[in-house]
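For this one, chain U is given, so just place chains E and S on it according to the hints.
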Amino acid sequence: MPTVIVDGQEIEIGADERLNCIEAARRAGAEIPHYCWHPGLSVVASCRMCLIQAGSRDPETGAVSMIPKLVPGCQTPVKDGTVIVTNSDAVKESRARVEEALLIDHPIDCPICDKAGECLLQDYHFEHGQSERRADIQPFHSRRRDVGPTVTLFVDRCIMCTRCVRFTREVSGTSELMVSARGAKEEIDTFPGFPLENKLAGNVVDLCPVGALGDKDFLYQQRVWFLKKSENVCGGCSAGCSLVTEHNQDTVYRLKPRENPHVNKWWICDDGRYGWHHLHDPSRLVSPGHRGSDGFTEIEWADVVTGLRDDLKAAGSLAVAVSPQLTVEEAWMLCAVARSIDPEAFLALGYLPTEGADESFPGGFTIRSEKAPNRRGVEAVLGMFGAATDGVIPGWNELLDRVQAGDSKAAWVTAGHPTPTTSWCDEQTAAAFEGLDCLIVQDLFDSPLAARATWRLPAAGFAERSGTWVNCGQRAQCFEQAIRPPAGVWPEGRLYWNMLGRNGLYDPTGVRQKIAESSAELAALAGDLPATGVDLRLHQVAAP
Amino acid sequence: MTETGSFQPVLLEAVGVENGHSIDSYRSRGGYAPLEKLLAEKQPADVVEMVKSSGLRGRGGAGFMTGVKWTFLPKDHPGPIYLCVNADESEPGTFNNRILMEDDPHQILEGTIISAYATRASTAYIYLRYEYPQSWNSLQTAIDEAYAAGYLGKNIKGSGFSLDIYLHRGAAAYICGEETGLIESLEGKRAWPRIKPPFPAIEGAFRKPTVVNNIETLACVAQIARRGVDWFRSVGIPADPNNPRDPGSYGPKLYCLSGHVEKPGCYEAPLGITARDLIDRFGGGVWKGRRAKAVIPGGISMGLMTEDELDTPLDFAGPGKVGCLGLGTAAVVVVDETVSIVDFLHNSCRFFAHESCGQCTPCREGTSWSLRMLERIRAGKGRLKDLDLLAEIGNTMGMMPGSTICGLADGAAWPIKNAIAKFRDEFEQYIKESNPTGYMETDPVPALPIVTAH
Amino acid sequence: MIANRKVLTDDMVARIEALAPRYPTKQALTLPALHIVHDELRHVPLDAVVEIARLLDLAPAEVQDTLTFYQFFHQEKPHGQVRAFVCRSISCALRGGEQVLDHLCEKAGIKPGETTGDGSLTVEPAECLGACDFAPCMLAGDDLHKDLTPEKAEAFLDSVRGRNS
Chain U
0 MPTVIVDGQE
10 IEIGADERLN
20 CIEAARRAGA
30 EIPHYCWHPG
40 LSVVASCRMC
50 LIQAGSRDPE
60 TGAVSMIPKL
70 VPGCQTPVKD
80 GTVIVTNSDA
90 VKESRARVEE
100 ALLIDHPIDC
110 PICDKAGECL
120 LQDYHFEHGQ
130 SERRADIQPF
140 HSRRRDVGPT
150 VTLFVDRCIM
160 CTRCVRFTRE
170 VSGTSELMVS
180 ARGAKEEIDT
190 FPGFPLENKL
200 AGNVVDLCPV
210 GALGDKDFLY
220 QQRVWFLKKS
230 ENVCGGCSAG
240 CSLVTEHNQD
250 TVYRLKPREN
260 PHVNKWWICD
270 DGRYGWHHLH
280 DPSRLVSPGH
290 RGSDGFTEIE
300 WADVVTGLRD
310 DLKAAGSLAV
320 AVSPQLTVEE
330 AWMLCAVARS
340 IDPEAFLALG
350 YLPTEGADES
360 FPGGFTIRSE
370 KAPNRRGVEA
380 VLGMFGAATD
390 GVIPGWNELL
400 DRVQAGDSKA
410 AWVTAGHPTP
420 TTSWCDEQTA
430 AAFEGLDCLI
440 VQDLFDSPLA
450 ARATWRLPAA
460 GFAERSGTWV
470 NCGQRAQCFE
480 QAIRPPAGVW
490 PEGRLYWNML
500 GRNGLYDPTG
510 VRQKIAESSA
520 ELAALAGDLP
530 ATGVDLRLHQ
540 VAAP
Chain E
0 MTETGSFQPV
10 LLEAVGVENG
20 HSIDSYRSRG
30 GYAPLEKLLA
40 EKQPADVVEM
50 VKSSGLRGRG
60 GAGFMTGVKW
70 TFLPKDHPGP
80 IYLCVNADES
90 EPGTFNNRIL
100 MEDDPHQILE
110 GTIISAYATR
120 ASTAYIYLRY
130 EYPQSWNSLQ
140 TAIDEAYAAG
150 YLGKNIKGSG
160 FSLDIYLHRG
170 AAAYICGEET
180 GLIESLEGKR
190 AWPRIKPPFP
200 AIEGAFRKPT
210 VVNNIETLAC
220 VAQIARRGVD
230 WFRSVGIPAD
240 PNNPRDPGSY
250 GPKLYCLSGH
260 VEKPGCYEAP
270 LGITARDLID
280 RFGGGVWKGR
290 RAKAVIPGGI
300 SMGLMTEDEL
310 DTPLDFAGPG
320 KVGCLGLGTA
330 AVVVVDETVS
340 IVDFLHNSCR
350 FFAHESCGQC
360 TPCREGTSWS
370 LRMLERIRAG
380 KGRLKDLDLL
390 AEIGNTMGMM
400 PGSTICGLAD
410 GAAWPIKNAI
420 AKFRDEFEQY
430 IKESNPTGYM
440 ETDPVPALPI
450 VTAH
Chain S
0 MIANRKVLTD
10 DMVARIEALA
20 PRYPTKQALT
30 LPALHIVHDE
40 LRHVPLDAVV
50 EIARLLDLAP
60 AEVQDTLTFY
70 QFFHQEKPHG
80 QVRAFVCRSI
90 SCALRGGEQV
100 LDHLCEKAGI
110 KPGETTGDGS
120 LTVEPAECLG
130 ACDFAPCMLA
140 GDDLHKDLTP
150 EKAEAFLDSV
160 RGRNS
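In the order they appear, the protein sequences are chains U, E and S. Residues 0 to 543, numbered by numbering that gives the first Met the number 0, are exactly what the first sequence covers, in order. Residues 0 to 453, numbered by numbering that gives the first Met the number 0, are exactly what the second sequence covers, in order. Residues 0 to 164, numbered by numbering that gives the first Met the number 0, are exactly what the third sequence covers, in order.
Keep in mind that the hints are not guaranteed to be accurate.
[Said to hold, decoys possible] Computed list of lysine-lysine pairs in DSSO-like fashion (alpha-carbon distance at most 27 Å, straight line): (1) E:K262 - E:K287; (2) E:K320 - U:K68; (3) U:K184 - E:K195; (4) S:K25 - E:K195; (5) E:K74 - E:K51; (6) E:K262 - S:K151; (7) E:K421 - E:K320; (8) E:K262 - S:K145; (9) E:K188 - U:K184; (10) S:K76 - U:K184; (11) E:K262 - E:K195; (12) U:K198 - E:K262; (13) E:K262 - U:K68; (14) E:K188 - S:K25; (15) S:K25 - E:K153; (16) U:K68 - E:K195; (17) E:K195 - U:K78; (18) E:K287 - S:K145; (19) E:K74 - U:K78; (20) E:K207 - S:K25; (21) S:K151 - E:K188; (22) U:K91 - E:K156; (23) S:K151 - E:K287; (24) S:K5 - E:K188; (25) U:K91 - E:K207.
Derived by calculation from the structure, the hints in this document are not laboratory data.
The following block holds chain U by itself, in its conformation from the complex:
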């Protein structure tokens, strides 16, 4: 194994790994500060913050020879015998000089800057800078201009790392951003009339190491040090991008991509990034209700648990739409509940929203046309319950046909699609359910279908539940609950848990273990899943 020596400490790297000094030093616990380098972008080595000393150790004699000058860690690959020094006086001095240079024209308006608290310029200055200002003092200025509908630029905070420009050229392929002018006069800009407007635009804000690029959706909403971070997965499409949900006091403030080399690398699309506002939409359903002979009344959850079972028993043959928004665990419990009431219950994949075609970008990122996160997980669960006919899992249309044909007397429709303004189910479709004895609708928002429901139950949003989703690439990812749902809402899993007569709090991990034990397809869900998930296919191949 190749050995790299970082500040005197020997570490081994993989024989085929191509690492630069920043990555290699990180393995040894030495963080080399850097601005312009980003693993997802081309290397420009221009910020010069990552300058270090490098050399090589002779394999025969063990003698170390160092390159006489400082070298950029980002641009210098390591190989067997590479020696990296990150803590010498020369390196420290160089970092202090770069910090000083970057702050010459910086407005230092941290008190009104959104980035404060997560700003590399701040962090590095604290760690590597000097307290004394030696440069001529410039008057305060911090010009702001919008570069697109979602992103704004604080021109004078920019340190010209050009990450954002490279992103639009290399990853989104849209090239809206540019550097204008040269030398100390240069600025980031767009061409007039051609704003930064692409579905990956928000990533430039995450990439910005300082407070130059701001997300208008987040601007001045919250100081970042109040935010708590939860590891989530995006429910916007079947790509299943890994996310961090950032929230405070049960309110989500922003979503950021979570690095996952198997799924989304470092990026998310804007549909996903801003796809949390529905969680706090005032039109959300927040209490369960029952439509009886005396009209529609709100009821207690405890009555739902018992009432549902009685109603469905009375109605007879049951059809269940298992929404691709549900987690694997919830889908499994729902099927179990349904089959405990009607052993012949018809189980189908719920409504699956789609939009156009898959949209791919030059950097390899793809937004999927299938606008739900867990079709594959739900289908696997339905398979476990023998829902397939002739090898095909029935879907929403088959369920509609069945209901219309009068083959079912009761239907349980789960949905949870994040569309407050346009319902996923129109009047005409909803009318198909009119002849039923019992209709349960579990959804985030009111709809023509919910208006016809015997039982109208509120659903939980993506950040309000925990569980497992399986994306379009058969990668299963577990995620945690970020915030509590609005008062009055039980996440689906809690209802099913109670209806199955389980004791205590809903335990999705326990349910997952049980599923993994009883399904070859989902066997990989056993144990603790890594943060980046597991590939179900690989585990099936490996299974004896």
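Relative to chain U, chains E and S alone:
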């Protein structure tokens, strides 16, 4: 041109010749015959070996061995390989390429064709700075003549070797003289120098193997082909036998003499003439009978020599021995005793602040900060502390300490550090006299709006 | 700001396209195209940038990125009928280049970088014009004006104005 002993100008032989720029004149002086002979008799590898053994070092500023540079090209590359001719001569004080292009463009073309043959390049781009419209016209005319005479185009003189030469016009940016800045500019982008490796020989213009050579270097190639390796090595300063890393300074060199001399001009002399010789014998001495205060040895980025250092030989090794950056472009600029060193350094700092490409932090901010300090010092608000700060910027910015991608910052740094080191007393006196109440101040002071930096 | 009017003439487009075989990429035509437009119009308006970008399969921001780097191309309005670059770098400065620049501007009634009211002349400071043997010097159009003095600068100004009237 004036003689130096037995030395007769060769690079400048067409200067003063009537119609010297025409193809007929060039051929009558022996031009293009070496090319034809070489195409008929030599393999590209032989030509590389010829140039390598001549000891020719690049005339653009860095002084790298031209033949060695060519050997960095990958062997048996399927092509295309590009030859970029660096005619973006922008170093203040430098105009030898202009003279060559205007007065003897065919010498350039012959050198280019030979070099392209040696490097197996099929296309050569001459990157010509915007400021040289006369050079553009004379080169374009010469290119047309060369095509008509069969020295360019397909299957040159039946050799099977084909070459196209295109002129590419710059747009006033000093950094395009840096070879990878030139390549980026040629590709239609901002001329931000590339990180190396990969070096252009491996991945250059349009991501293909590329050689970048200066105009005067190519003229030397033409002369080596005409007059031979032995002739070339008989001119100049041989390698120091006590220094195995010294490749010597062989061949003739064009020295551009300007500033405060009686007879400014471009003079050809063997490498190694001293600055004093150049000024006195070619330039007619410092103008108006004055003394030189300082002399730039090779373009402003090389720094300053004092009057005491004028006996330094201007070969590749000489200027470095007196603390200058190097020989650079061998553009010698004389500054007489009446000039304030503060004004001199201001001019230098303004140039580099204007021309810094803005890519690397230390150069972008260092050039701008140093200009800002010089502005303030000239406005009577200087502090002695500024001199320490300037010296520190001079010592920390550049490719040599490793803080930048290209050498522009070294060029910006050297005038600063030479001026402060060699003329500190004058700076201190200026600051004390112009700012009698504040020169001892050490706290940060308000910056002036930079008004003179257009 | 963008009027989406057609700025590039068929002739300009033809001249740009004629250069295409010289380069393996379309982007390499950026500087030649900008020069062709600038030579004709004495500026490269934003609309022209959009048209050039379209011609070269680039985003307008990519062309503009290059254009603004060189600080050579006028954009908002055309430069004067004569564009004069007065050298201010060291060799010229030592021999009075900056005084010539100031004198010329003062007589023309403009600041460095500006265009005279009648549109006849734009005076711009330039870095080394590579004619230090004739310092101080000035490049006006294709003409190199050598060994300038304030008097010669005034005579030049008169000739430019005479040409215009």
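We went through each hint and held it up to the structure:
no., hint, result
1, E:K262 - E:K287, "11 Å, holds"
2, E:K320 - U:K68, "20 Å, holds"
3, U:K184 - E:K195, "26 Å, holds"
4, S:K25 - E:K195, "25 Å, holds"
5, E:K74 - E:K51, "17 Å, holds"
6, E:K262 - S:K151, "20 Å, holds"
7, E:K421 - E:K320, "14 Å, holds"
8, E:K262 - S:K145, "14 Å, holds"
9, E:K188 - U:K184, "18 Å, holds"
10, S:K76 - U:K184, "21 Å, holds"
11, E:K262 - E:K195, "41 Å, violated"
12, U:K198 - E:K262, "65 Å, violated"
13, E:K262 - U:K68, "42 Å, violated"
14, E:K188 - S:K25, "11 Å, holds"
15, S:K25 - E:K153, "24 Å, holds"
16, U:K68 - E:K195, "15 Å, holds"
17, E:K195 - U:K78, "18 Å, holds"
18, E:K287 - S:K145, "20 Å, holds"
19, E:K74 - U:K78, "25 Å, holds"
20, E:K207 - S:K25, "16 Å, holds"
21, S:K151 - E:K188, "39 Å, violated"
22, U:K91 - E:K156, "61 Å, violated"
23, S:K151 - E:K287, "22 Å, holds"
24, S:K5 - E:K188, "24 Å, holds"
25, U:K91 - E:K207, "38 Å, violated"
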